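Generate coordinates for the entire structure from the input sequences, incorporating the hints supplied.
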Amino acid sequence: MPTIILDFFRAVWRGPFGPTGLVILGLCVALAILGPAIAPYDPVARNYDAAGKLLRLAPPSWQHWLGTTLLGRDVLSQMLVGARPALLVGGLTALGTVLIGVNIGLISGYFGGRIDSFLMRLTDMFLGLPFLPFIIIVLSLTGRSLTTMVIAMTLVMWRSTARVVRAQVLSLREMPFVAAARITGASDLAIIYREIAPNIMPIALVSVAFALAWAIITEASIGFLGFGDPSVVSWGSIVYDAYASQMMYRAPWWVVPPGIAIMVLVSAVYFVGRAYEQVVNPRLRTG
Amino acid sequence: MIDVRDLTKHYAAAAGLRSLLPGRRGAVTRAVEGVSFEIGAGEVLGLVGESGSGKSTTGRLLVGLETPSSGTIRIDGSDSAAARARDKKAFHRQVQMIFQDPYGALNPQHTVEELVGRPLLYQGVRDRAKVAASVRSVLAEVGLNPPESYLAKHPHQLSGGQRQRVCIARAIILEPRFLVADEPVSMLDVSIKWDIVRLLKRLARDRGIAMLYITHDLATVGAVCDRLAIMYRGRIVETGPVEDVLSAPSDTYTRTLIAAIPSADPDIVRVPPPALQQATL
Amino acid sequence: MAGYLLRRFWHMVLTLFAMATLMFFLFRLLPGDPTATVISPSLYPKAQEAMRQQFGLDRPLFEQYLIYLRNLCVLDFGISFQTNRPVFEMIQGRLLNTILLILPSMLAAYLLGAGIGAIAAWKRGSAAEVSLVFTATALQSAPLFWLGMLAILLFSIKLDLFPIGHIVTPGMFPEQDWRMYLSADFLHHLALPFLVNTLYQLCFPLLLMRSTMLSTIGEDYIELARMKGLSERRVLFGHAARNALLPLATTLPMILGWAVAGSVVIETVFSWPGLGLLMIDAISRADYPVAQAAFLLIAVLTVFGTFIADLLYGLLDPRIVYA
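Quick note, the sequences are listed as chains A, B and C, same order. Reading the first sequence from the start, the letters are residues 1 to 287 in our numbering. Reading the second sequence from the start, the letters are residues 1 to 281 in our numbering. Reading the third sequence from the start, the letters are residues 1 to 323 in our numbering.
You can trust all of the hints, since none of them are fake.
To give a feel for the contact side, a few chain C residues facing chain A, derived at Cβ under 7 Å:
1. Ala-138
2. Ala-142
3. Met-149
4. Val-303
5. Thr-306
These are calculated hints, taken from the structure and not from any lab test. Bear in mind the structure is a predicted one, so any value in this text is a computation, not a measurement. Yeah, the Cβ is synthetic: ideal placement off N, Cα and C, and Gly gets one too.
Here's what the structure looks like:
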């Protein structure tokens, strides 16, 4: 396991995009941990000027670098605090996606036959599920919380990982090393998890990256549509507040930063994912 | 020790377009057709034939990777199908296999220590110190010396010959009574071939292992085998001590095979008979 | 081939059936009165009772389920809580609006994406190509709703080139008049969401086209064409591009399905009266029958997209065997 992590960094570190992405990703993780501690103001507190007047839609100034919202809240503080839900929801969803997707792909590909056709039929059904509408319906029916969001997003996302992993397992299970394990008395489970699984880890890592990118955008979109956790300030919810206030077009400092933050974070994830894919996917190696 | 009687394996014909033609329904491929032989402890039987002759299938049947359509395999007098059904792990301790492709037979993600120690783990041995000691001793036995310098290596860091030695170490760590070597040197350089062949011979003799040495290449059989069985289209067409078969073949197919042995001396160019120029060996 | 088609069609029906079932139980699992998602709580008690009988809500769950399925088959989605009109009436026009927004935009995105991607592969290694790949990745990483808002800020508010939202100027046409689709006003409203969606969606085909073409460069037939003395340009556009188009084309219907699912976002930003916006509005007003019907229609579009994708894949790629 540690060798895979090491190989991952070694692979990504080549080329210009990988290291850039890794550095940005590292900064975002640091922000997610430290954000609330270094935020200059309480992100939901109203701020007043010297005369005691509410700072409604104040443009950027030395006191408020990114200006304030309609309710006089500090945009920079909201931005700093909003990194955590983005990465938390993204990370947990990516993790859940890979856990389910990898296991279903492994079992489906290894056993084949009826188990395979049942699991693949199931995967196809989930493939037809419209992701955003489904998540929104689940959230609106069961209550808006980060946990529900992670579960709903995982439910619609594991399908692509499962397909990719299964295709890989189909060719791996014919390898002589699988037969070699079988004739030493290894059980099916041992073969799946000790022999085959280590070989699909690189592909699984690539799909973690793409799942992460996708989950961060989706989390923001859900926030923007107003279905995010009402008690959490996220980059998506900042845009939603601006949009719902109808004032967004008068206060670009309120709308522009969260979008840029999401764009930079997701680009970083894509850069890392593609750099790694370039190395582990033999089909792309020439490109 | 190993007693094989009327071993037969039929496959349902591959479901291609031709299977849709009238009269093709239910067609079978007869991979192995009534094969019988026996191998004693410490003895090496060479199973020789061209590709598609059923020799590899025979090997896979013996180690339990395939199930025979009919026939019996007895190891030390007990029926292997019954033994496998009774105790799968115990059965697999007795029979092991070395594969043709040492590149594919080693899991690329594992280190040599893991690769060689895994069989013990799968057999339920939990004592780490014991596993580590066994791994070191078999590595030394197959000529990977000193063993410590190989333990942490991954397959891609080894040469072809070293890989095949790791495969052999993995096969003997369970101390099997019977070993199938499926074309173990066909993918190796000529320079390494003979070392591996001699290693196999020595292991069979020293450990008293009954060995089935599968090959399409008659050049190496003299160095390792005690007896030969020539296989053609799923049947054994000739069997006997190596010298007898090589010097006085009774079967016409065996004769063409022998004619195709490349001469050790590059100056002597042997022209194969026309019938053999098309044969793929 | 016919057997394969039939089986894929059967799978599609099965998937839709599963989704309808999922929706049925999801809406019944709500805490509180399970009938609250079917009958408007604002109706008179007498009217509620009448509806309860009409939908069989006083009967066991399984019977309710059968009634629900039968109603779906005849496109009876119930009565809207909000308008008290049949849901089907509200939904018809919305479906067309969504398709008109998404389909032309996706086709344009794929045509442009393939073309620009091929040029990027041709100019590989140049500064222009690197910055193009960088820009496309960044655009793809931006949230679509945010791009839409920026476009409105710039083109509608600062430059006053396009209307801020809606499908036509409100009040210009009677509701759901087909003539509005032929008006210049409609095209004027369509332009900005079309441009934003196209720009966003063309990143994926662009990057895919580029990487597929680059990966074919080492292959034998490309080498052969090169050895025959064809120019770099002829080799790339005549051979590599043609072979890269195939895998690209097969992704279109599936991505189209996803774009329909994602239309919720762009319709919300531009107040475009499509299925997605209808669903969001219905949910925020607790108008469950409408929300459910809108979801099912979006699901039909998505599943149909995947179905067409599979068929195309089979038609275009001769290596696929219909076994």
